[in-house]
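Numbered according to the working numbering, the sequence shown spans residues 125 to 307.
Note that these hints are calculated values from the structure, not bench results.
Ideal placement from N, C-alpha and C gives every residue a C-beta, glycine not left out.
Warning: the hint list may mix true and false statements.
Said to hold, decoys possible - So the derived label-pair ranges between C-beta atoms look like this:
id: 1; residue 1: G276; residue 2: L144; range: 14 to 22 Å
id: 2; residue 1: A138; residue 2: R268; range: 34 to 42 Å
id: 3; residue 1: L252; residue 2: S126; range: 31 to 39 Å
id: 4; residue 1: D139; residue 2: R268; range: 32 to 40 Å
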Amino acid sequence: MSIDFTLGFQRELADDWPLLNHEWQWFVANLDYGHDVAREAIVSAGDSEAVAEAGQGRAVAIAADRGWQSTGIRCEAGQSIEIAARGRFQLDDQPAVWWSEPNGVTLRYHRGLPIGTLLAAVVDESTLPAGPSPLLSPSAIGNRRVLRIERGGTLFLRVNDSPTSLANNAGEVQVLVRQAASD
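Generate the whole structure from the sequences, applying the supplied hints.
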């Protein structure tokens with residue numbers, strides 16, 4: 125492979141390069157037999173709106189059968205946001221349907237947390253990650269949590285489950301994100 129090819133490749137993907145780096149780290153850390161590449165692909169929302177600009181908050185739906193999904197909400201470092209979630213969704217269909225809510229179910233765990241738990245990570249999509257991606261150490265949200273933002277970026281959410289088990293999930297979590305009352 126020539127240096128010209130590499131430079132052309134990077135130039136072609138320049139706008140997406142930082143997010144691709146986060147996605148690559150997530151992929152490598154979670155690669156397993158049966159990994160569902162299509163369902164685990166990060167869903168980006170494009171341009172983000174600041175939480176403070178969202179007024180009473182912004183509602184988003186997070187699909188239970190997908191990996192990390194952008195909310196399109198930009199968070200600033202030092203800011204506190206409130207994330208409230210509700211809904212009932214399916215995590216498995218064999219031998220019977222496993223129902224869950226955003227707090228998760230303790231029948232099975234993935235990465236040390238109950239499957240079905242709503243997770244959050246703030247990712248700066250404009251620069252390359254300086255170390256491990258925040259996607260590798262998300263915050264457990266469950267039904268509700270006030271989250272202090274360490275580093276600014278776009279809020280990403282997902283339902284906790286193994287990348288090998290997303291195909292049997294169904295439904296979504298309804299999430300409201302707003303600036304916390306203390307800010």
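Here is what the structure says about each hint:
1. Separated by about 20 Å at the C-beta atoms, G276 and L144 satisfy the suggested range of 14 to 22 Å.
2. At roughly 38 Å, the beta carbons of A138 and R268 sit within the given window of 34 to 42 Å.
3. Judged by the Cβ atoms, the range 31 to 39 Å given for L252 and S126 is violated: they are separated by roughly 23 Å.
4. A hinted range of 32 to 40 Å for the beta carbons of D139 and R268 is consistent with their spacing of about 35 Å.
The structure does not agree with numbered hint 3 stated previously, though it agrees with all others.
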